[in-house]
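All chains should be modelled from the sequences, with the hints used to inform the complete structure.
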Amino acid sequence: MSVALAGILATLALAFVGVPLGFAMLIVGAVGFAAARGIEPALAMIAQLVIDNSANYGLSVLPMFVLMGVFVFRADISEELYDAANAWLGQLKGGLAQATIASSALFGAISGSSLAAAATMSKVAIPPMRRLNYHDSLSTGCVASAGVLAVLIPPSVPLIIYGILVDQDIRLLFIATIGPGLALTLLFMLAIWLTVLVRPGLGPRGPRRSLAEKFGALKSTWTTLLLFCGVFGGLYGGIFTTTESASIGAAGAFFIALARRKLGWTGFIGCLVEAARTTAMIFVVVFGAMTFANFIALSGMTATLVDWIQSMNLSATGVLVAIAIIYLVLGCLMESLSLMILTAPVFAAIVQPMGVNLLLFGVFVVMMIEIGMLTPPVGMNVFTVKTALPEVPLRTIFAGVMPFLAANVLCVALLLAWPRLALAPIGWLK
Amino acid sequence: MSVEAGRPPAAPGGPDVLDRVLGYACAAPLFFIAALTFLDVFARYLFAKPVQGSAEIVQFLMALTIFAALPLVTRHRGHISVSLVEGVLRGGALRAQRVLVDTASLAGCAVIAWQLHLQAGVYAQTGNKTIVVGLPMAPLAWAMCACAAGTCLIIALQIRRALRQ
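The listed protein sequences derive, respectively, from chains A and B. Just so we're aligned, residue 1 is where the first sequence starts under my numbering, counting upward by one. Just so we're aligned, residue 1001 is where the second sequence starts under my numbering, counting upward by one.
If you are wondering where the hints come from, they were derived from the structure by calculation, not from laboratory data. Computed from a prediction, not measured in an experiment: that's the story for all the values here. By construction, the Cβ of each residue, glycine as well, lies at the ideal position given by its N, Cα and C atoms. Just so you know, not all the hints are guaranteed correct.
[Said to hold, decoys possible] Restraint ranges, calculated between C-beta atoms of paired labels, are given here:
hint, chain 1, residue 1, chain 2, residue 2, range
1, A, 52, B, 1107, 39 to 49 Å
2, A, 219, B, 1118, 53 to 63 Å
3, A, 332, B, 1107, 25 to 35 Å
4, A, 262, B, 1136, 46 to 56 Å
[What the hints assert, rightly or not] Just so you have them, the derived chain B footprint on chain A, three or more residues with Cβ under 8 Å:
hint, stretch
5, 7-18
6, 23-33
7, 50-57
8, 60-74
9, 205-217
10, 334-346
[Claimed, not checked] One-sided and incomplete, this derived list gives chain B residues near chain A with beta-carbon spacing under 7 Å:
hint, residue
11, 1031
12, 1033
13, 1037
14, 1041
15, 1042
16, 1043
17, 1059
18, 1066
19, 1073
20, 1082
21, 1101
22, 1105
23, 1115
24, 1119
Next up, the structure:
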């Protein structure tokens, strides 16, 4: 136990100094493993682990979904999505903010990128809200918060990384996020409705559109809907494997970008390079995290922690609440994805013997990650919006995300109180 | 930094020759993964004739994509990191921090390169091949090792630059 704690502290120290997370975990994991079992087995373990995880057909799902996201971003389809959502919701009080939530959820469902959603929606959604005199706190807070829906709604890259690290079926993880994803979208809309109910001046109504205009706006989104249905209809319907769905998604997004004349040769190569770089970055962390997890498993720390928790007679829900508090605190100090990579394998090993379903735990962890993307002082999505709108004070954006943070916490509570929200669709679609 | 799908592609017009070479080196295997898997799906579902050994070829291409992109990521200091001190340090302290960080990265990467080198030797000796198409494992491990060694060289140059500043 003390060896494992020393290892964790050493990893944190290296990471905080600036050593890339993957290398920090790899070095400490290898040294710890070597101390327990000898240098030869530690080195052999690294070689096997690197080859097994890089030359792996199943893991090609990651670069394919990343590539799909890069092509979707390049295709520049967010404006049509926003216009369609705006045509249907814009005439409500706070309707443009509601439209931002709806279009971000759709954008997230085909791009998987929270930052891309926040960056894109900052450009697309905030100018019309400003023209209607929306308060900056509502417009910027809404855009920053809507971005996190992409972390939860498949194809979520953090969820894929969780699946790789904790060895869970990625298709089932995707299915498990359907309920919480829809619930969070509705809770965000409820948060806007309540905000403008209390302070109507924050989000006035937009112009009313005729039914013809509403359906006309939907027309331009058919390619997006086709891509979504092709990828996830095939996946959830059990027609395609996850890898096949991902490659269809990448190819579909490529053809959409090509048809919209957004993809020349340089852009095409740029998209491939960007996806390959992202893949390499993630896999370095995967190598490190797995080496580190082997060391932690060997140290016996998880078994000791499980015994200790059981001696305290804490229920599984009580442990999950304690983990949620740890994530809330650490999420204010660390970048969210790094936090998940460092902690998820350890926490999963603790909660699994207590009977917690690891698919449910994956959804729970990703939702906690989302919260970390909005909390001060290192909420990445808030900073993305701030970069796009430097004139808006950071304090205003953080104030704006507060109702959405509350909605996020409520959704986590709902998930813990009623796990079937995530698990029931797995039974229906398995 | 955070890593996610759909990040804005890198700004065009910037990369130098080495970036371009490294870029094509990692773009090519990724393109072939996408094309092969896509074709395999159509061949499988429409004509009931999947591409033979496609899973094994994709395995190879995956490893090549990851390791070919590694030098590029390292050259642009793009690894996922959590540094809490970088914005605070100045002058000599910042240089010392860079050297420390790069030395640790070099150690990690060198271990990977060394072990891949040993593993490639084992594969070459035993003549290890994939089951369906019979692709030899040794050349793949050598290629991965070469990319990891190239990454080590890039980090070593970064250390030298930091020391000379």
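Problem set entry | Ascending list of hint numbers which this structure does not respect | Hint check: 1, 4, 9, 15 and 16 fail, others pass.
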